[in-house]
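Using the sequences and the accompanying hints, generate a full structural model.
2 protein chains.
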Amino acid sequence: MISNKMLTLVQNSSVIRAMFEEGKRLAAIHGAENVYDFSLGNPSVEPPAEVKEAVVSIITEESASLVHGYMSNSGYEDVRDAIAVSINKRFGTGFTHENIVMTVGAAGGLNVILKTLLNAGDEVITFAPFFGEYRNYVNNFDGELVVVAPNTDTFQPNLEEFETRITAKTKAVIVNTPNNPTGVIYSEETIRELAQILEKKQKEFNTVIYLISDEPYRELVYDGVNVPYLTKYYRNTIVGYSYSKSLSLPGERIGYLVIPDEATDAKDMIAAANVANRILGFVNAPSLIQRVVAKCLDSEVDITVYNRNREVLYNRLKEYGYDCVKPEGAFYLFVKTLEADDKAFCAAAKKYNILIVPGSSFGCPGYCRIAYCVDHKTVEGALLGFQKLAKEYLAK
Amino acid sequence: MISNKMLTLVQNSSVIRAMFEEGKRLAAIHGAENVYDFSLGNPSVEPPAEVKEAVVSIITEESASLVHGYMSNSGYEDVRDAIAVSINKRFGTGFTHENIVMTVGAAGGLNVILKTLLNAGDEVITFAPFFGEYRNYVNNFDGELVVVAPNTDTFQPNLEEFETRITAKTKAVIVNTPNNPTGVIYSEETIRELAQILEKKQKEFNTVIYLISDEPYRELVYDGVNVPYLTKYYRNTIVGYSYSKSLSLPGERIGYLVIPDEATDAKDMIAAANVANRILGFVNAPSLIQRVVAKCLDSEVDITVYNRNREVLYNRLKEYGYDCVKPEGAFYLFVKTLEADDKAFCAAAKKYNILIVPGSSFGCPGYCRIAYCVDHKTVEGALLGFQKLAKEYLAK
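Protein chains in written order, with the UniProt record's numbering: chain A, 1 to 396; chain B, 1 to 396.
One or more of the hints may lead you astray.
Derived BS3-like pairs (lysine-lysine); straight-line CA-CA distance at most 27 angstroms [stated by the list, open to error]:
no., chain 1, residue 1, chain 2, residue 2
1, A, Lys203, B, Lys5
2, B, Lys5, A, Lys267
3, B, Lys52, A, Lys24
4, A, Lys295, B, Lys5
5, B, Lys267, A, Lys5
6, A, Lys295, B, Lys52
7, B, Lys169, A, Lys5
Which bits of chain A does chain B cover? Going by a derived footprint, with three or more residues having C-beta under 8 angstroms, they are [stated by the list, open to error]:
no., segment
8, 32 to 44
9, 51 to 65
10, 134 to 143
11, 299 to 310
By construction, these hints were calculated from the structure, which means they are not laboratory data.
All values derive from a computational prediction rather than experimental measurement.
Ideal Cβ positions, reconstructed from N, Cα and C, are used throughout, including at glycine.
Pasting the structure below:
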């Protein structure tokens, strides 16, 4: 009796989430300490202390009807102001609260902006490998996701192919840097080229193409690498942000959209995003947590844990014979599988109680994603398994 | 550049929300104490003390990665268990956590279940007057909302017309009792008749018709009137609940769906609702607040404030010459406007700084909604204006 679309979706239900459930099952059998679950991007690092302090101070000092009540669908004005000021300070932009729409995480934000923009049949381009949910989000509004093939040498976007895939029906392009699942950060040079292509194609087709920058991993960057702020390179940029990773609050569902004034039809988009937030059933981003993040804008999680996992995993896997681009951000390693069938490879890893996700879930078969947002002892515990797994294949 | 659907929606943007913004504007000019804003269902009664206690105890005692981390898309199992036990105790049902899906408020829950059920062109029936967002929610999934005309004598559902409007394409029926905007509670007799009609029509068309019971006002009931629990009267019932009103937490976006085992294809629906929660961008209901409501299942807001407003407004408006069915639940009075054009009537009320919502927003022109979830002094302050407004019309 469920809808045809959902029937298909349930049958192909997210491999990542299925892994998460599988991890819980294996932990119940073998003990959590003997299962090496690298399947989900669930931050292992605690939120900064300021989060707890903010919750307690808000709940004890502010009026309950303010903290838990309705506000504008776009969120509290003071919270949006604080966020705009913080972005401006960091990136030299000129936003006000008008440019900020608080959303139910980045997932909520992406759905809001896609609802705002898409007519049925509109095309949205993204670059493989990509977060698999983009396909569902675009399909929610009867758009077509167009996937540019991966450049597996560097995992920078394949801009030559990109240029050929833009058509008169291209309404938006989604980029995700630092990237899930590769951890790659798009260089300033890449962003400039991408912007130039978009400008050229807008003129060629006399259309407007929005660049949607999905940025949940913006703050998770290693070795001081710069992550360009995309609104400065291309005026029709919309930013989708989330505090899930930057403050380790993934369950709280809190993020925002930035819709700059200089984007084409910005006023309409801002009004429409406000309505979309309402009618999609979000109504508004959760209220208490909106107020909490506004008090934690200068707080950070301790990414040295992730960095240590990154260094150890990357170096040891290379030693064992695996092939991988060293990630500069996020908390994922995207490793070439030792057989062409990435699903078979991930199934083989389960023998060693190692849970990893096939690259085909990200539009990039032949690879697998290792989410290293885990305790360091999970990394240490899994090394022998990774080594044995490599030996199985490389001995052949 | 925004989508055609959104263009229309932005143009017709919710009258209720527009009123809310208008209220803020008038308050800035005249002072909040001189504006009588009855436009929005934003609870005026503080959350029960247990909410604050629960927030503090959870945030100080439970692990941050549990409290703020990801969990199953349907929500924490222990929270869902606690809710199932509480429902079973109150209503003699037999639910487990499997039957409960935590949602981003009732609005999120309705979108999840409609995504789960609807194919394009499927019909969803509701009874006027109705919460105007139902139309948007159904349209989100390309369904058709079919509206049964109001029975303005009692505002009980018009079951004769209902029976004639069910077709082979009817996938669901949405009821809302206690009702927004009338405050009417459907009697057990009404529910039995409604269930009989549904059973008969399921047989006639050899279809399955789900009854979606939208219940944010279940706990706001006066004079001890009984609100039947609908799963006990019709097996294909799905309940959508929200804590927005029962715990005065509308900004927090927390509620749940109940999908009973005895509903046709329950297992598929439960799996699909879990996926729908994810792909619509909710991912999961906000985590901390999930844990909070589980600790407040026996808590109540103080509805004596609403009851006092109800009594005073109802009695005085009757005295002044207004016509209205006395509400038994929720916090709305649905009053016949003193001219046929309800929008003109509500505009006239603004002269007295009274903000009320035209009935046409609820599919019932010729009426207006007064949301009395306000301080009692707002009610007292508005009485003279209501009286003068009545005199304007009745003197003619």
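Tested hints:
1. A:Lys203 - B:Lys5: At roughly 26 angstroms apart (the allowed maximum being 27 angstroms), B:Lys5 and A:Lys203 satisfy the hint.
2. B:Lys5 - A:Lys267: 16 angstroms, holds
3. B:Lys52 - A:Lys24: Not satisfied, since the Cα-Cα distance of roughly 32 angstroms exceeds 27 angstroms.
4. A:Lys295 - B:Lys5: 37 angstroms, violated
5. B:Lys267 - A:Lys5: 16 angstroms, holds
6. A:Lys295 - B:Lys52: Roughly 19 angstroms between the alpha carbons, so the hint for A:Lys295 and B:Lys52 holds.
7. B:Lys169 - A:Lys5: 17 angstroms, holds
8. 32 to 44: holds (count 4)
9. 51 to 65: n = 8 at 8 angstroms, threshold three: holds.
10. 134 to 143: holds (count 4)
11. 299 to 310: violated (count 0)
Violated hints for the displayed structure, listed by number in ascending order: 3, 4, 11.
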